[in-house]
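One-letter residues, chain by chain:
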Amino acid sequence: MKLESYVTQESQISVLELSGRFDAYEAPEVRSWVETQVSTGANRLVVDLEDVNFVDSTALAVLVQGMKTCRQKKGDLVLSGLQQPVRIIFELTRLDRAFDIFTVKDDAVNALQ
Amino acid sequence: MCKQILIVEDDASLREWVEYELMFEGYGVETAADGLSALTKVNDSPMPDVILLDVQLPGINGFQVCQSLQADPLTAAIPVIFLTARASLDDKLTGFESGGIDYLPKPFKMEELKARIKALLRMGELERRLAEAAVDEEMAQAAAIQNSLMARNAPQVPGLEISAECRPAKKVGGDFYDFQLDDNKRLCIVEADVCGKGLAAALIMTSTRTALRGATRSMTQPNRVLKQTSDQLYDDLTEVGKFVTAFMACYQPDTRQLSWSNAGHSLAVYLPKDGAPQILEADGPPLGVLESFDYEHQQVEFRPGDVVALCSDGLYEAENSGGQMYGIDRLLSVLESTTSKSAADIADYVFDDVGKFSINEEQGDDQTLVILKGIPS
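Chain order of the listed sequences is A and B.
Residue numbering for the first sequence follows the numbering used here, starting at 1 and increasing by one per position.
Residue numbering for the second sequence follows the numbering used here, starting at 1 and increasing by one per position.
Hints were generated in silico from the structure; no laboratory data involved.
Cβ coordinates follow ideal geometry from the N, Cα and C atoms, glycine included.
One or more hints might be untrue.
[As the list claims (entries may be wrong)] What the simulated footprint calls covered on chain B by chain A, stretch by stretch (three residues with Cβ under 8 Å from a Cβ of chain A suffice, anywhere in the stretch; the number is not a length):
1. 192-202
2. 240-248
3. 286-294
[Claimed, not checked] Facing chain B, a subset of chain A residues (Cβ under 7 Å, in silico):
4. T58
5. A61
6. Q65
7. K68
8. R94
9. R97
10. I101
Take the sequences, apply the hints, and build the full model.
In structure tokens form, the structure reads like this:
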């Protein structure tokens, strides 16, 4: 399955919507998206995983790195739309306690405003 | 991809003849009619595997072209065969001095040119294999060091049977286990997984192991060891964008108490002799994710017949040819059906079953399994 990503700007908050399998092959693309946002001063980021059916540890590492970077800059990287298989991975690794996670993307955007 | 040959020859009929013959032979062929355009062509991809170079060319001559190629590290390794009517000993010597590998006087037989090209390509292939073997040798040495950090026999502790094995996906990996026996005869057991694999993960693995060992010497409870290790590694792990999942257990033989703490590691399973299996869930995220995070401390009495299995994610995420995952459910049912066996037999059974499931598939991630089994003291 192929990962497609695009960026929308909503009230100064950058949103990344991902779909498909989020693993080591797609991770560099997401990492560079985060880096681009942060380098242009955006540090409130939403990564929407509504259409993602699998994440591996490399993908998780990219999200953790992004979250740490944003928090260092007094912003945050939050997640939304976790489906069952992905939610289980976040629960098993207890990364659900490290991230702010929202049911839907709009809630995540509102929370960051 | 087929081998690429660049023909540099100003005589159009000769150039076209050689081009035709070599293309018929299955080579990819580019041509140039003078020295400068030859140098431009070389830098266009694909890089040629062999260059056939005339000496007398308009503009800069063949010897100068060859010297320019030699001066550039990107092109210095491309073998050059001079094709020329200038066949005096002096000319030949100049050709070899300027960096040519071979010298073929005109007129030549096409069969001889093809044979020489083949010989050069064969030599290049041998060199490439030797270089690969050298890298393989270094990786094998790294793997041996990493293996020696883990392969030592688990300490003998009354009332406990132990089996531990790590099967890295590449030669070196980010999974590891460790045992440490302290002054009070308490045995500490760790299984951990650095995200990612290969050499980068292996480097983080060795520093994590050292930090965990240091903390274990000065702390008594697994949750405090995990906290200290996480805080100590936090900056480094942030810098390199990695984290480490870790499960740590300590077994006190005289009281049969097994205490544990879990930093994002899965899957740890407790299978009591009498009772339903229980997943020892993580109570905090992996090491290096949150600063100053307080992990929780749990404890059970570990009786004869009880089993604890620590299975890294490479086991239950193993895939078959249809892209399906082995899964936690199947892992749990295999464990449940084997608890009456010895620790070593349980481990063999699990590895066998995962191997059968993912047969003919390349192992995608490190697979580590630690089995603790309670036996009469």
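Taking the hints in turn, this is what the structure says about them:
1. 192-202: holds (count 3)
2. 240-248: holds (count 4)
3. 286-294: holds (count 3)
4. T58: holds, 5 Å
5. A61: holds, 4 Å
6. Q65: For A/Q65, the interface hint holds, since the closest Cβ of chain B sits about 4 Å away, which is under 7 Å.
7. K68: holds, 6 Å
8. R94: holds, 4 Å
9. R97: Interface hint status for A/R97: holds (6 Å vs cutoff 7 Å).
10. I101: Not OK, violated: A/I101 not within 7 Å of chain B, min 13 Å.
Against the hints set out earlier in the document, a violation occurs for number 10 only.
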